[in-house]
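Visitor: Reminder that position 52 of the sequence shown reads as 264 in our numbering, one-by-one numbering, no gaps.
Because the hints were derived from the structure by calculation, they are not lab data. Cβ atoms here follow ideal geometry from the backbone N, Cα and C, with glycine treated the same way. Some hints here could point you the wrong way.
Quick list of the computed label-pair ranges, beta carbon to beta carbon [to be verified]:
| hint | residue 1 | residue 2 | range |
| --- | --- | --- | --- |
| 1 | CYS264 | PRO225 | 33 to 43 Å |
| 2 | ARG254 | GLN233 | 19 to 29 Å |
| 3 | GLN218 | LYS270 | 16 to 26 Å |
| 4 | GLU226 | VAL277 | 31 to 41 Å |
| 5 | GLU226 | ALA284 | 32 to 42 Å |
| 6 | SER224 | GLY276 | 15 to 25 Å |
| 7 | GLU239 | LYS270 | 29 to 39 Å |
| 8 | ASP244 | SER280 | 17 to 27 Å |
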Amino acid sequence: MTTLRQPYYELSPEVYSALGQAKKALENSALDTTLMELIYLRISQINGCAFCLEMHSKALRKSGVAQSKLDALAGCG
Numbered sequence: 213m214t215t216l217r218q219p220y221y222e223l224s225p226e227v228y229s230a231l232g233q234a235k236k237a238l239e240n241s242a243l244d245t246t247l248m249e250l251i252y253l254r255i256s257q258i259n260g261c262a263f264c265l266e267m268h269s270k271a272l273r274k275s276g277v278a279q280s281k282l283d284a285l286a287g288c289g
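Could you put together the complete structure from these sequences and hints?
Guide: Right under this line is the structure:
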C-alpha cells in the first residue's frame, strides 16, 4: 500500500507561500536554531507527518540534543 502526501502547494498556494515566509522570518530571528527545530518537531507531531518527524528528530540528534529530551515532547515515548 502506498500513501501519497498531499500536494499542499497545489491545494493552497497562498498558505504554502505564507508558511515559507514564516519559516524565513524565524530563520532570520534571534531564536536559537535548536529551539526552532524543537518547535518544528512539535508541529510535525501535531500534524502527524512521519517524514517531518524523522527529519527534525534526526537534525536535533545530530546537533547534540539528547534522545531523552526528544522523548519528553508531547506525543513521544
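Visitor: Give a verdict on every hint.
Guide: Outcome of the hint check:
Restraint check, CYS264 to PRO225: a C-beta distance of roughly 20 Å breaks the suggested window 33 to 43 Å. Taken as a hint, the range 19 to 29 Å holds for the pair ARG254 and GLN233, whose Cβ atoms sit roughly 20 Å apart. At about 23 Å, the CB distance of GLN218 to LYS270 agrees with the hint of 16 to 26 Å. Between GLU226 and VAL277, the C-beta spacing of about 34 Å keeps the proposed range 31 to 41 Å intact.
Look at GLU226 against ALA284: about 35 Å separates their beta carbons, and that is inside 32 to 42 Å. Evaluation of the 15 to 25 Å hint for SER224 and GLY276 yields a failure: the beta carbon distance comes to about 36 Å. A C-beta distance of roughly 18 Å is found between GLU239 and LYS270, which places it outside the suggested range of 29 to 39 Å. Checked against the hint of 17 to 27 Å, the pair ASP244 and SER280 passes, with Cβ atoms roughly 19 Å apart.
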